Structures are given as structure tokens and as C-alpha cells.
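Novice: Letter by letter, the chains look like this.
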Amino acid sequence: MEPIVRVHSKTVVIGSSNIDTDQIIPARFLTTTTKSGLGKQLFADWRYLPDGAPNPEFALNRPEAQGAQVLVAGRNFGCGSSREHAPWALLDFGFRAVISTEIADIFRGNSLKNGLLPIVVDETTAQWLLTHPGAAVDIDVAAGRLTLPTGASVAFPLEAFTRHCLLHGVDELGYLRSRSGDIERYEAAHRERTPT
Amino acid sequence: MRTLFDKVWSAHEVVAETPETPAVLYIDLHLIHEVTSPQAFSVLKNLGLPVRRPDRTLATMDHSIPTSTEQVFGNVPIKVDAAARQVRQLEQNAAEFGIELFGMRDARRGIVHVISPELGTTQPGMTIVCGDSHTSTHGAFGALAFGIGTTEVGHVFATQALLQRKPKTFAVNVEGRLRPGVTAKDLILAIIGRIGVSGGTGHVLEYRGSAIRALSMDERMTVCNMSIEAGARAGMIAPDDTTFAYLESKPRAPKGRDWDAALEQWRALRTDPGAVFDRSVDIDAAQLEPMITYGTNPGMVLPIGAAIPDKAGDEVFAKALKYMGFHGGDAMLGKPVDVVFIGSCTNGRLDDLQAAAQILRGRKVAPGVRLLIVPGSQAIKRAAETAGYADIFIAAGADWRESGCSMCLGMNGDTVGAGQYSVSTSNRNFEGRQGVGARTLLASPYTAAASAVRGRITDPRELL
Numbered sequence: 001m002e003p004i005v006r007v008h009s010k011t012v013v014i015g016s017s018n019i020d021t022d023q024i025i026p027a028r029f030l031t032t033t034t035k036s037g038l039g040k041q042l043f044a045d046w047r048y049l050p051d052g053a054p055n056p057e058f059a060l061n062r063p064e065a066q067g068a069q070v071l072v073a074g075r076n077f078g079c080g081s082s083r084e085h086a087p088w089a090l091l092d093f094g095f096r097a098v099i100s101t102e103i104a105d106i107f108r109g110n111s112l113k114n115g116l117l118p119i120v121v122d123e124t125t126a127q128w129l130l131t132h133p134g135a136a137v138d139i140d141v142a143a144g145r146l147t148l149p150t151g152a153s154v155a156f157p158l159e160a161f162t163r164h165c166l167l168h169g170v171d172e173l174g175y176l177r178s179r180s181g182d183i184e185r186y187e188a189a190h191r192e193r194t195p196t
Numbered sequence: 001m002r003t004l005f006d007k008v009w010s011a012h013e014v015v016a017e018t019p020e021t022p023a024v025l026y027i028d029l030h031l032i033h034e035v036t037s038p039q040a041f042s043v044l045k046n047l048g049l050p051v052r053r054p055d056r057t058l059a060t061m062d063h064s065i066p067t068s069t070e071q072v073f074g075n076v077p078i079k080v081d082a083a084a085r086q087v088r089q090l091e092q093n094a095a096e097f098g099i100e101l102f103g104m105r106d107a108r109r110g111i112v113h114v115i116s117p118e119l120g121t122t123q124p125g126m127t128i129v130c131g132d133s134h135t136s137t138h139g140a141f142g143a144l145a146f147g148i149g150t151t152e153v154g155h156v157f158a159t160q161a162l163l164q165r166k167p168k169t170f171a172v173n174v175e176g177r178l179r180p181g182v183t184a185k186d187l188i189l190a191i192i193g194r195i196g197v198s199g200g201t202g203h204v205l206e207y208r209g210s211a212i213r214a215l216s217m218d219e220r221m222t223v224c225n226m227s228i229e230a231g232a233r234a235g236m237i238a239p240d241d242t243t244f245a246y247l248e249s250k251p252r253a254p255k256g257r258d259w260d261a262a263l264e265q266w267r268a269l270r271t272d273p274g275a276v277f278d279r280s281v282d283i284d285a286a287q288l289e290p291m292i293t294y295g296t297n298p299g300m301v302l303p304i305g306a307a308i309p310d311k312a313g314d315e316v317f318a319k320a321l322k323y324m325g326f327h328g329g330d331a332m333l334g335k336p337v338d339v340v341f342i343g344s345c346t347n348g349r350l351d352d353l354q355a356a357a358q359i360l361r362g363r364k365v366a367p368g369v370r371l372l373i374v375p376g377s378q379a380i381k382r383a384a385e386t387a388g389y390a391d392i393f394i395a396a397g398a399d400w401r402e403s404g405c406s407m408c409l410g411m412n413g414d415t416v417g418a419g420q421y422s423v424s425t426s427n428r429n430f431e432g433r434q435g436v437g438a439r440t441l442l443a444s445p446y447t448a449a450a451s452a453v454r455g456r457i458t459d460p461r462e463l464l
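Protein sequences appear in the order of chains G and A. With our numbering applied, the first sequence corresponds to residues 1 to 196, in that order. With our numbering applied, the second sequence corresponds to residues 1 to 464, in that order.
So that you can see chain G by itself, here it is in the shape it has in the complex (with noise of 0.2 Å):
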């Protein structure tokens, strides 16, 4: 995972709500046996239209929002299925956080373990970055704080050992392996329970 400290970056916005992660990747796409390659499939029913030319109507085919790395979307974002071809997709594409003032927790541990920053901010801040797309924003890993062109400045909550991951570009396996003894000591506290 590459370290994530800062992100400075204009937005795109994508307003609606409760958008689930088979409009970020469509199941059709998670045929793919790599992580790879996917950001030409994010959001692709959305973003082409039938005839497989873009819809140039949908934000992120907009010539203002190329080399945004920063989505702002409406509540309960990721939600649905656990894929993780949607954080992998939208990475690819060149995002780097998603704000909303919700998150869903599947797809909130995904964006961490791969490096996006998914954001929660109040209802006041949200309703701000959804009716100015384009804002320049920036992201502070380490203090937590997002700070808006406006020059008003929210933290977001973000726990030790996750915010060390991402400025460390630490992988989570590392840590659990390193706790092998106390797994080890588990299993054999419990060798009654039923294996498969």
C-alpha cells in the first residue's frame, strides 16, 4: 500500500445517496482475478451510455473534474455488496478519498486496507462540498483534519493504528502476523472447538 499523507485536489461530485458498490463496479466486472485495471469500469453504468460512448452528462466525464482525486457523494456511500473491486476501482481511476457524511463499514475497511481515504465529515460540511464541486480541499492524514477553500478546517475521525497504516503505507497483515504467539495460544486454549 503507497503511504497516503496529504491530499490537495479539487472535487467531483456525485450527489446522490445510498450508492451502493455495484454502481461503483457493476458485478459483471468481478470476473477479473487481479486487482488491476478497473478504474475504466468505475461506475461504468452511469458513466457510458448504451452505445459505450460516454455520458456526458455524468460528473465524471465532465472536462472540469479531470484529475480530481477527491469524490464527494451523497449519504451511506458503499453500500450492498462487500467487493473490494470498488475501492480497487476507484483508486485506479485516481481518487484518493471519498467524503459523505456516511460511510458504509464494509466498504470504509476496504478504502483503508487499499489506501483511499474515506472521509466522514457533519451534515454542514457536506452540504457545502455537494453544492461547490470542483472546491479545492485539503486532506491532512496526520493531524485529521480536512480543511475547505472557504478556509473553514473539520477533523475527521480516524484511529491511531489506522492513521499509522496509512502515513506508513503499513499493511494490516504484517501486524496480525506479528501476533502469531497469541494466536497460537488461542488455538491451543481451544482445541475443543469443532474444525470443519
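Don't read these hints as lab results, they were simulated from the structure. From a predicted model like this one, the values you see are computed outputs, not experimental measurements. Where hints are given, some of them may not hold.
What the hints assert, rightly or not - Residues on chain G that point at chain A, a partial pick, calculated with CB under 8 Å:
1. Arg6
2. Ser16
3. Ser17
4. Asp20
5. Arg62
6. Glu64
7. Gly74
8. Asn76
9. Cys79
10. Ala104
11. Asp105
12. Ile106
13. Lys113
Claimed, not checked - In silico lysine-lysine, DSS-like type, Cα no more than 27 Å apart, as pairs:
14. A/Lys319 to G/Lys40
15. A/Lys335 to A/Lys319
16. A/Lys335 to A/Lys364
17. A/Lys45 to A/Lys168
18. G/Lys35 to A/Lys45
19. G/Lys35 to A/Lys79
20. A/Lys7 to G/Lys40
To be verified - Listed next, with one range per pair, are the computed distances between beta-carbon atoms:
21. G/Glu159 to A/Arg257: 52 to 58 Å
22. A/Glu70 to G/His8: 31 to 37 Å
23. G/Ala155 to A/Ala306: 41 to 47 Å
24. A/Glu96 to G/Ser178: 22 to 28 Å
Even for Gly, the Cβ is constructed at its ideal location relative to N, Cα and C.
With chain G's structure known, arrange chain A on it following the hints.
Specialist: Same frame as chain G, but now just chain A:
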């Protein structure tokens, strides 16, 4: 005084959480399938690691494989090339890492959340994970079961543990009796309608009360299955005599003295009187009607006799109705139907097929309607054939298939066409879920079968 969830959680804490670090949680059973495992196996290969506990790992194929008999058992190759690659890759990975696989032609194959309970590998008090959000299904047995992403699949492969923050608890109290024609599916749709599609975020639901205790195991699985549709990663039901009676005959349930010992432990798996939940909601089962969705998430749901609300000025609501081709004020009853799908990890079990057979017996599918019935597992397929349900389905004009996820998600060749209306017993009515442009209406097997017969959305009580 602890909740059922607290008991299962604390019994699996390898390392308790601290303000700085998440808990290390031990995983008893890891279920895998062909779609969310390949990248996790690649991580193991890159690091040169084995699967730590292949004896606690079970593999099957369900999502991308076809359901047509010629492709599964005949000489016709799998039509979706990429799906064929995933199937082959899972076969190779399972062999390389020593994992038991119920492969494409195995008599025990089926949807991952259907076969583990059938085998008796899903047991009360366990922690169970799978790279699939409907892992919540196994909570019906009093297990803590939740969906994980592929990175976490890799973590469980390598360590048999996961880093987790302890979720909050949410009691869903359902008292009273469901009326005839109102099913477990209607109950869970009503619960989602009440608490909303993100109402359970950050929480584990515990379904409680007399209406829950009265449900069969198949029905309890339907309820727990859709916990994720309310935003909750897991939903649980305390095990009781219904649970134990279901498990006792299952091939991999404990036997003899082991069974007696297990039973003693399992009986303690209930929320202590006076234990406090972080949140709760009360539902009166006797007030519920058959439910049907009208929008593009499972929270957009109505009693079947109701009209679609009018929410002028709500752009997101308007977008959903536009996608569905509906208008505020429309009645749901009588709307035309193109496709009916009965199956999935939500409603692909024998109870569900029995309900469909009850409606379809001696009746025909309406002209122009396609009815696809897909059993949740090969074992259920055989049971439905023995019970005579399959003959009823075929006589009615239904397409009766091999087991799999099928039309629940459009990635295996079973799809709904653009603009078509599908009454589906599955779990998600998201845009495009059943195929590009497909319009899904979630309902019970009764409602689905009745709507297939009439070719219009029908209150199943008219045909019962």
C-alpha cells in the same frame, strides 16, 4: 449481563481492543468462493505463505458459474470465458493450498451461505467470515458472521484472525404472529423499511421476540441474510430447540458425546435478562403485510397494497422512480411483470421452493413471463425433486436450473433485460443488479410465484 453478541465476541478475542489498536478476533470458519478469493491467494503466493488453517476453510463456486444443466454437467463449455477462468483458478488454488472444495459437479455444491448450514459446519457461537456481504445469513444459528473484503480474506488465510473494532448492538424486537401469506422475507423487508438502509451501520442486529422464535431455520436465515441491507454487517438469532433440531442430523455437526457437550455450551448463547443494547426497535408482526420494493434500494419498500409515495422535490427519490419507470401515487398491485426469479441465498431454500410450489401447483406462468427457479444448492435441488416441487414448476412453465447465485447478480449469464420488470426473491434491487437497465422488485417467494401466474404484481393471498 451480556448480549448474545458480547458473548460470542469475547470468546473470540485473541487480543482485546484498546483505544489505539483494534481487537485481534479469531475466526472459526472461513468460507470462500471463486469471485473474491483469487487476489487473496495471489497475496499468499507473493509472500510465500500457506493457508494457516485449511481445516477451517471451505470453498465452493456459486457467483459466476452458470446454472444451465448443459454447462454444469453436459459438454457445453461455460459461456462466460472470464467465469470459466475463475472456476479453474479456484480449483487450482484449493488444490495448491489444501482446501476442501465443493466443485462445479459436486453433489454438495451450492451457494456458499446455503451449503454450510446444510453440512452442519455453521454452528452456534462460531465466528464465520466470507468475502461476501450476505455472510450475515449464518447469524441465524447464533454465530457472529459477517462479510469481508478480499484483503481480509488474505488476512484470514494467513493468520485465521482479523483486526476488528467491536461494533455496537441493536435489538430488533418482533412480537406477535405473522399472518397467513406474510413471510420472513416480508418481515425483513419491513424491518429495513423501518430502520433504513443505513440504520444498522456500525451495529450487529439481534432479532428477538416471539415472532422470531416461531420461525424455521430457513426463515431465520432469510431474515439474517438481509441484515446487510439495513447497513449491519451481522445479524444474530439466539439458538434454541429449533436450531438444535435442524443441526442434529447434519453430517458435520458434532456427534454423540461431542453433541451433548456442544449443546450445553450452545444453550448458554442467549442475551442475559437485563442486558442493554445500544439501540432497539419494536415491530408488531401481526400488523405486517406482504411487502414489495418499488425503488432502487431495499429500504424503498411498501406493503403490496399501498401506493408509491409522492416526494416532490426529492431529486434522489425522483431519479430512483425514473429508473424504475414509476410515478408517485402509482399502485403497486397490477403493474406488469416480465421476469420472475425465485432463488438466491435469501430465498433459495426448501421452505421457499415449497412456498412457490404451493402457489404454482396446477397453475401456469402467464404468457410472456419468464419464470426462473434456481435452488440454493444441489441438495435442495434433489430435495425439491423428491418432494415433487420440481414437477410442479416444470408443469407451470418455469425454467428449473442447477444451483447458484444466478439472476441475483448479473455476472453468470442469467440476466434480466434492460427496462424489464423482475419480481425477484433476491436481496438487492440496485440499479443494474440483475442486468444493465434491469428493474428489480424484491418480494417473497409467494408474491413472486403469484406475480408469475398473473403476469402482474399480485397479492399472493388471492392465490393461497
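Novice: Hint by hint, note whether the structure agrees.
Specialist: Comparing the hints with the structure gives:
no.: 1; hint: Arg6; verdict: 22 Å, violated
no.: 2; hint: Ser16; verdict: 5 Å, holds
no.: 3; hint: Ser17; verdict: 5 Å, holds
no.: 4; hint: Asp20; verdict: 5 Å, holds
no.: 5; hint: Arg62; verdict: 18 Å, violated
no.: 6; hint: Glu64; verdict: 21 Å, violated
no.: 7; hint: Gly74; verdict: 7 Å, holds
no.: 8; hint: Asn76; verdict: 4 Å, holds
no.: 9; hint: Cys79; verdict: 6 Å, holds
no.: 10; hint: Ala104; verdict: 6 Å, holds
no.: 11; hint: Asp105; verdict: 5 Å, holds
no.: 12; hint: Ile106; verdict: 6 Å, holds
no.: 13; hint: Lys113; verdict: 4 Å, holds
no.: 14; hint: A/Lys319 to G/Lys40; verdict: 24 Å, holds
no.: 15; hint: A/Lys335 to A/Lys319; verdict: 19 Å, holds
no.: 16; hint: A/Lys335 to A/Lys364; verdict: 19 Å, holds
no.: 17; hint: A/Lys45 to A/Lys168; verdict: 36 Å, violated
no.: 18; hint: G/Lys35 to A/Lys45; verdict: 15 Å, holds
no.: 19; hint: G/Lys35 to A/Lys79; verdict: 23 Å, holds
no.: 20; hint: A/Lys7 to G/Lys40; verdict: 45 Å, violated
no.: 21; hint: G/Glu159 to A/Arg257: 52 to 58 Å; verdict: 45 Å, violated
no.: 22; hint: A/Glu70 to G/His8: 31 to 37 Å; verdict: 56 Å, violated
no.: 23; hint: G/Ala155 to A/Ala306: 41 to 47 Å; verdict: 43 Å, holds
no.: 24; hint: A/Glu96 to G/Ser178: 22 to 28 Å; verdict: 26 Å, holds
In this structure, the hints that do not hold are numbers 1, 5, 6, 17, 20, 21 and 22, in rising order.
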